[in-house]
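Engineer: These are the residues of each chain, in order.
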Amino acid sequence: HRYKKIDESFFEELEEILISADVGVSTVMELVDGLRSEVKKQKIEDPQQLKPLLSEKLVGLFHNQQLQSGLNIEEGRLNVIMFVGVNGVGKTTTIGKMAHMLKQQGKKVVLAAGDTFRAGAIEQLEVWGQRVGVEVIKHQAGADPAAVIYDAISAARSRGADILLCDTAGRLQNKVNLMEELNKVYRVISREVPDAPHETLLVLDATTGQNAMSQAKAFGEVTKVSGIVLTKLDGTAKGGIVIAIAGELNTPVKYVGLGEKMDDLQPFDPEQFVHALFAGLMEEYDEGNSLDNP
Amino acid sequence: MAFESLANRLQATFDRLRGKGKVTEDDVNEMMREVRLALLEADVNFKVVKEFIAKVKERAIGQEVLKSLTPGQQVIKVVNDELTQLMGGEQSKIALASKAPTVVMMVGLQGAGKTTTTGKLAKYLQKQNRRPLLVACDIYRPAAIKQLQVLGEQLKVPVFSLGDQVSPVEIANQAIEQAKAEHNDYVLIDTAGRLHIDEKLMDELKDIRATVNPHEILLVVDAMTGQDAVNVAESFNQQLELSGVVLTKLDGDTRGGAALSVKAVTGKPIKFAGMGEKMDALEPFHPERMASRILGM
Ligand SMILES: Nc1nc2c(ncn2[C@@H]2O[C@H](COP(=O)(O)OP(=O)(O)OP(=O)(O)O)[C@@H](O)[C@H]2O)c(=O)[nH]1
Ligand SMILES: Nc1nc2c(ncn2[C@@H]2O[C@H](COP(=O)(O)OP(=O)(O)OP(=O)(O)O)[C@@H](O)[C@H]2O)c(=O)[nH]1
Ligand SMILES: [K+]
Ligand SMILES: [Mg+2]
Ligand SMILES: [Mg+2]
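As given, the protein sequences belong to chains A and B, one line each in that order. All letters in the first sequence, in the order written, are residues 1 to 294 by my numbering. All letters in the second sequence, in the order written, are residues 1001 to 1297 by my numbering.
Derived by calculation from the structure, the hints in this document are not laboratory data. Treat the hints with care, as some may be off.
[Claimed, not checked] Computed footprint of chain A on chain B; a stretch qualifies when at least three of its residues, placed anywhere within it, have a C-beta under 8 Å from a C-beta of chain A:
#1 1132-1145
#2 1192-1201
#3 1283-1297
[Stated by the list, open to error] A partial selection of chain A residues facing chain B, derived with a Cβ cut-off under 8 Å:
#4 10
#5 88
#6 177
#7 194
#8 195
#9 267
#10 275
#11 276
[Stated by the list, open to error] Heads up, simulated DSS-like pairs for lysine-lysine below, C-alpha to C-alpha not over 25 Å straight-line:
#12 B/1156 / B/1146
#13 A/40 / A/51
#14 A/175 / B/1047
#15 A/184 / A/217
#16 B/1200 / A/261
#17 A/184 / B/1278
#18 A/261 / B/1123
#19 B/1123 / A/175
#20 A/5 / B/1047
#21 A/261 / B/1146
#22 A/57 / A/41
We put the CB at the ideal spot given by N, CA and C, even for glycine.
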């Protein structure tokens, strides 16, 4: 039998695949170096043997976090979920999808139109509210977002809602005033509802590169991010930066966005995610082997 | 993330080399490894990095650096020059058709900043005493039309819409007729965000293009985009033949390596930089500033 061997070019290719998935060069070098010594120690020669090792290593990064997957929702209380993130990543759309998901689970959901800044943002959330069939609490464009959220909390309470999903305006994490404004919204929620927000979801766009790390850190500082929603995984981007984020900040990825429609939201599946990362490499080596080993 | 600046890194590398007397080809290779890391950390696509490094190395070894007393600085100079050159000269111009109206079409992935940039371009043209017409061809995204209308109201620029039940091709076509009748000299077409691999929606753009023959097709790219920027830009360019690129959200703290990736694979000029959410936050694109930014200097 002739195999494609595990040699330097194999590791180089692996490195390139992970880098091209936006895992980030330092994380990739750590990962691949670790793998190199594993290969040496266990005297592995066949790439096929490496496959489980590689998956294990990457999936392991998400492992303890899987315990925290799913949403922190309890019956008998108003659960408040806040959405944060930079501009255009998919916050409002994810709220629409999540409202749909939760409604299907029999929950009473209310939406808060906390983006009073971007043109058409309130109307966008209203369209989602109509689509899904849930109420949207809003003020006028230009209103104070903290005031909108305050009102939405009392409205959600008086309607006996299970869950309030709070939209916020997109903002770049280096804008001090806008981050302060977000912190104010966060404080209003904490003050008005015990233990709230029960989730603060950072929405990350899978096409984003290394800047997502800086986003995770900065939004984490002003709102105590409890989980990540990774959107736009239906494209060709892999969203590998969440590996670095998992390693460094230990923030769990909870959901992934796979399109623009109502049911394009899925729970994050580490195995599937990791498989998609280096599927190309392994397929090629699988093919190589099957050609050589008829 | 605090990146160590390339200048510091190269200095450190050079300090290690000092005392050996002459700078060798190996030393240059070592410095190139630092340059490679800096570019990858800045999100420049790894294939683009590879080609770029090969080119720079050639020039560096072609005497300039080997003979220099300050090889670290010399490497930075070579890298910076090549990077600036690759990103092109200043191009913040927009086509002007010999016969009005000039038709400009905005395309790109979801959430890149097309609608916002459409508004900004209108403002930019207004300042030059032009009379743009905005066209709402995004019939898919919830309240996309409303978003453009709000911007139009703010700017006091007319917005053409036929609602969301008419095909974008038809909307674009009728908009041109209206522009002619109303003597608008620019027609700015906002299209829905789409994935470059979405055949049906890419065909729609091709149909609009074939129907209205735009003078400009601008790809709007989010400056935070990572390695995928090359796939997106290459694909949009192949399918639509772009005339240029607008890089948005450069007011953030991203290093913006996507700029280099997009330029390298399309060869099309980056015409403008989006520097904020407000309508006046559109700036000319400065290649040399971008080069320094990517290198972390
Ligand atoms: N393909 C794809 N598109 C998505 C996904 N999620 C959101 N989008 C699209 O991305 C664009 C931006 O989404 P929004 O929900 O408006 O993003 P946002 O974060 O609320 O944006 P701002 O409020 O402007 O900061 C829209 O065109 C959405 O339809 C996804 O998972 N896949
Ligand atoms: N900070 C900053 N935000 C920007 C810039 N350009 C656009 N945005 C924001 O990015 C988000 C998305 O912008 P849109 O113009 O809606 O993007 P789009 O490409 O039209 O989105 P779709 O139509 O959903 O594909 C909005 O929150 C904008 O305000 C920019 O240069 N800087
Ligand atoms: K984006
Ligand atoms: Mg939004
Ligand atoms: Mg738009």
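Engineer: All the hints need checking, so say for each whether the structure fits it.
Structural biologist: Verification of the supplied hints:
| no. | hint | verdict |
| --- | --- | --- |
| 1 | 1132-1145 | holds (count 5) |
| 2 | 1192-1201 | holds (count 3) |
| 3 | 1283-1297 | violated (count 0) |
| 4 | 10 | 17 Å, violated |
| 5 | 88 | 3 Å, holds |
| 6 | 177 | 13 Å, violated |
| 7 | 194 | 33 Å, violated |
| 8 | 195 | 31 Å, violated |
| 9 | 267 | 22 Å, violated |
| 10 | 275 | 18 Å, violated |
| 11 | 276 | 13 Å, violated |
| 12 | B/1156 / B/1146 | 15 Å, holds |
| 13 | A/40 / A/51 | 15 Å, holds |
| 14 | A/175 / B/1047 | 33 Å, violated |
| 15 | A/184 / A/217 | 18 Å, holds |
| 16 | B/1200 / A/261 | 16 Å, holds |
| 17 | A/184 / B/1278 | 22 Å, holds |
| 18 | A/261 / B/1123 | 33 Å, violated |
| 19 | B/1123 / A/175 | 24 Å, holds |
| 20 | A/5 / B/1047 | 24 Å, holds |
| 21 | A/261 / B/1146 | 19 Å, holds |
| 22 | A/57 / A/41 | 15 Å, holds |
The earlier numbered hints that this structure contradicts are 3, 4, 6, 7, 8, 9, 10, 11, 14, 18.
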